[in-house]
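With our numbering, you'll find the sequence shown wraps up at 193, consecutive numbering, no jumps.
It is possible that part of the hints are untrue.
[What the hints assert, rightly or not] Here are the simulated lysine to aspartate or glutamate pairs, DMTMM-like style, with alpha carbons at most 25 Å apart:
(1) K128 / D158
(2) K174 / E121
(3) K152 / D131
(4) K128 / E168
(5) K152 / D93
[Said to hold, decoys possible] Here are the computed distance ranges between Cβ atoms for each label pair:
(6) G77 / A110: 15 to 23 Å
(7) A192 / L88: 21 to 29 Å
(8) Y180 / V113: 23 to 31 Å
(9) K152 / V84: 26 to 34 Å
(10) V113 / V193: 15 to 23 Å
(11) L143 / L88: 21 to 29 Å
Since the hints were made in silico from the structure, they are not lab data. Computed from a prediction, not measured in an experiment: that's the story for all the values here. The C-beta atom is built at its ideal place from N, Cα and C for all residues, glycine as well.
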Amino acid sequence: TGEVLSIPVGEKFLGRVINPLGQPIDGLGAIEAEEQRVLELQAPSVLQRQPVEEPMQTGIKAIDAMTPIGRGQRQLIIGDRKTGKTAVCIDTILNQKANWESGDKSKQVRCIYVAVGQKGSTIAAV
């Protein structure tokens, strides 16, 4: 088509499972997108971003004590196969549930889990 690749985005995508083109694959029906965003964007420079001043508690004591994660940061978790990367991610997301349900916006954290190269069976288990 000669157009730059764009994907649908919006609040209604939170909590859903989608493919790389933003199409739902969780069997819960279509998602009404608020807008389309170009996929290839230049990330803002470090100086243009808001400073990270508050830690996010993962609920995993070893991580919170030794390698604190800043609230608002993107986090890449890499490692060898079968080392617990998915388990750490899922545990961290589940540990945010109480904060979300509190209704206190200052404690709420939106967690987005992106599984690149995972098998379909692994994603289904998540």
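These are the hints, each one checked on the structure:
1. K128 / D158: holds, 12 Å
2. K174 / E121: The hint holds at about 11 Å.
3. K152 / D131: Judged against 25 Å, a Cα distance of about 16 Å means the pair holds.
4. K128 / E168: holds, 21 Å
5. K152 / D93: holds, 23 Å
6. G77 / A110: 15 to 23 Å: Roughly 21 Å apart at Cβ, these two residues keep to the hinted range, so it holds.
7. A192 / L88: 21 to 29 Å: holds, 23 Å
8. Y180 / V113: 23 to 31 Å: For Y180 and V113 the Cβ distance comes to about 25 Å; the hint holds.
9. K152 / V84: 26 to 34 Å: Distance hint for K152, V84 is violated at roughly 18 Å.
10. V113 / V193: 15 to 23 Å: With Cβ atoms ~31 Å apart, the hint is violated.
11. L143 / L88: 21 to 29 Å: holds, 22 Å
This entry does not satisfy hints 9, 10, going by the numbered hints stated previously.
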